[in-house]
Amino acid sequence: MIKNEELKVEEYIEFIINRIKTVNNKINAFITINEKPSLKKAKELDKKIKSGKKLGKLIGIPVAVKDNICTQGIKTTCASRMLENFIPPYDATVISSIKKEDGIIIGKTNLDEFAMGSSTEYSYFGATVNPLNYKLVAGGSSGGSAAAVRASMATLALGSDTGGSVRCPASFCSLVGLKPTYGSVSRYGLISYANSLEQISPITKDVHDSALLFNCISGYDPLDSTSVNKNNKDYKKYLLKDINGIKIGIVKEFFGEGTQDLVSKNIWDAVFKLEDLGAKYEETSLPNLEYALPSYYIIAMSEASSNLARYDGLRYGFRIQDRSYNWHTIFSKDRKLGFGQEVKRRIILGSFTLSSGYYDEYYLKAQKIRTLIKKEFDKAFAKFDALIGPTMPILPFKIGEKVQNPLVMYMCDVDTVPANLTGIPSISIPCSFYNNLPIGLQIMASPFREDLLFRIANTYEHNK
Amino acid sequence: VNILKKKNTISKKDIKKLAWLSRIELLAKDEDIILKQLNQILEYFKKIDEIDVKNVEPCYHVIDLINVMRKDKQQPSLDKIIEIIPQKKARYVKSPRII
Chain A
1 MIKNEELKVE EYIEFIINRI KTVNNKINAF ITINEKPSLK KAKELDKKIK
51 SGKKLGKLIG IPVAVKDNIC TQGIKTTCAS RMLENFIPPY DATVISSIKK
101 EDGIIIGKTN LDEFAMGSST EYSYFGATVN PLNYKLVAGG SSGGSAAAVR
151 ASMATLALGS DTGGSVRCPA SFCSLVGLKP TYGSVSRYGL ISYANSLEQI
201 SPITKDVHDS ALLFNCISGY DPLDSTSVNK NNKDYKKYLL KDINGIKIGI
251 VKEFFGEGTQ DLVSKNIWDA VFKLEDLGAK YEETSLPNLE YALPSYYIIA
301 MSEASSNLAR YDGLRYGFRI QDRSYNWHTI FSKDRKLGFG QEVKRRIILG
351 SFTLSSGYYD EYYLKAQKIR TLIKKEFDKA FAKFDALIGP TMPILPFKIG
401 EKVQNPLVMY MCDVDTVPAN LTGIPSISIP CSFYNNLPIG LQIMASPFRE
451 DLLFRIANTY EHNK
Chain B
1 VNILKKKNTI SKKDIKKLAW LSRIELLAKD EDIILKQLNQ ILEYFKKIDE
51 IDVKNVEPCY HVIDLINVMR KDKQQPSLDK IIEIIPQKKA RYVKSPRII
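Chains as they are written, first to last, in this note's numbering: chain A, 1 to 464; chain B, 1 to 99.
Wrong hints could be hidden among the right ones.
Chain A residues, not near chain B, derived (Cβ > 10 Å throughout) [said to hold, decoys possible]:
#	residue
1	Tyr124
2	His208
3	Lys247
4	Glu253
5	Arg319
6	Ile347
7	Ser351
Partial chain B-side listing against chain A, Cβ under 8 Å, derived [stated by the list, open to error]:
#	residue
8	Arg23
9	Phe45
10	Lys47
11	Leu65
12	Met69
13	Val93
Read the hints as simulated data drawn from the structure, not as lab findings.
Small disclaimer: the values here were computed from a predicted structure and weren't measured.
A virtual CB, placed ideally from N, CA and C, is assigned to each residue, including glycine.
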């Protein structure tokens with residue numbers, strides 16, 4: 001419509017901004033609305049369309065961006081008091097890519113502080129509410145991005161996935177969340193929490209949009225030393241409606257203790273559906289998966305304690321005004337007031353697991369378990385094209401239900417962390433509803449086989 | 001230096017040390033809550049004691065990292081970083097006393 005000039009970009013963006021202004025006070029998806037620059041950009045794009053110049057792939061599309069991804073001139077808070085007034089002097093590479101494709105950064109979305117959480121309740125700016133049911137959490141940590149897309153306040157969104165932070169809210173808000181292969185999307189400008197695990201990831205309404213956004217943000221970036229130089233595919237080519245002969249492994253451990261029966265049942269119904277559509281399935285077991293969750297948390301907390309050491313309040317961020325203290329005391333006081341409870345827990349426990357005498361027992365051991373889990377996945381992918389399980393073991397839960405009990409909150413990530421530990425790509429797509437509550441289907445493939453994920457996901461989406 | 005006495009639970013004394021190592025001042029009222037929570041989490045982490053990892057190499061990164069080198073040529077600098085320093089004098093960061 002925009003390309004045919006039936007609708008002006010400016011009109012559309014005005015509509016979206018009005019929508020955000022009406023809805024956001026109920027949902028709390030956005031921390032910052034990028035109103036004026038978006039309207040200005042919309043006018044420029046209308047001129048560009050009129051001029052007949054070549055248009056980008058995201059022409060006039062409003063994109064919501066998680067507030068731990070740096071945007072030049074737009075506040076990037078990480079939902080933390082520590083960065084409440086931080087305005088980055090540069091754009092993350094993914095932001096430059098979206099701008100290059102004529103997309104519009106419509107606003108910055110809420111998250112668990114520094115992406116540490118599974119419900120978007122641990123935010124300095126308050127919890128995000130699930131647009132499907134205001135009593136429920138949106139999932140996390142990229143809950144604001146998911147809620148923004150679900151409530152039509154943005155067409156596409158970016159989150160980051162460290163242990164399920166994009167797939168969980170996608171599942172809880174009935175959306176598509178893709179955690180790409182580690183190294184396929186540049187992390188330059190993503191504020192680090194656990195850098196060996198995390199990837200910037202698209203959250204979208206359907207599989208087509210996921211492939212479109214992934215096309216735009218993936219690729220080699222010399223500014224990220226873990227970026228992988230691979231020839232990029234056009235992933236839209238893999239939006240097929242055919243999975244004839246595809247071999248799928250159903251991972252037993254994904255249906256273990258803690259998984260609600262009705263979740264298991266709905267996922268199995270999806271498996272039978274995929275079989276009807278031509279896929280072949282077989283049950284399989286990856287026994288070391290039972291160690292994935294504790295290993296993940298040990299590694300994530302250890303990396304967090306190191307990554308977040310940079311917040312000293314000196315060069316940027318929160319700094320107390322008192323001048324009478326010495327260096328270390330000021331540093332400790334800045335961090336006392338600047339960080340929330342969950343961030344403090346993870347930094348302190350990460351200091352413990354990295355400390356002399358405990359390093360071997362926790363951090364090093366977790367990294368060795370990671371090797372074993374990776375080997376099990378390699379073996380499984382020698383036999384199967386894709387592995388399937390639920391994204392979340394439970395249905396979306398009530399706001400406030402788990403927030404006082406961190407360990408119970410961590411348990412929610414049991415099915416999503418294996419993809420981060422091993423670097424493999426994983427997608428969560430809407431599977432079905434139970435009592436109006438969404439259940440997400442998780443599909444995993446071997447590294448750099450996002451094409452398979454899109455193929456299976458697209459086939460399922462069109463035949464549900 | 002082995003700062004913490006080797007054991008698998010954190011004591012009130014340890015939490016003060018860990019908080020200091022982490023440069024996070026804890027409020028006295030928060031110490032007990034955080035202590036209880038951290039010990040619950042550590043108890044759960046003991047799960048990994050069950051598995052034998054003898055002769056297994058650690059996996060620090062899932063992809064084979066290669067050193068990234070670039071030409072020793074000046075790149076555009078981020079002059080604006082000076083503007084966001086909370087307390088400064090001219091172009092310098094104003095820090096608290098170190099000693």
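(message) Tell me the hint numbers this structure goes against, listed in increasing order.
(response) 5, 6, 7, 12
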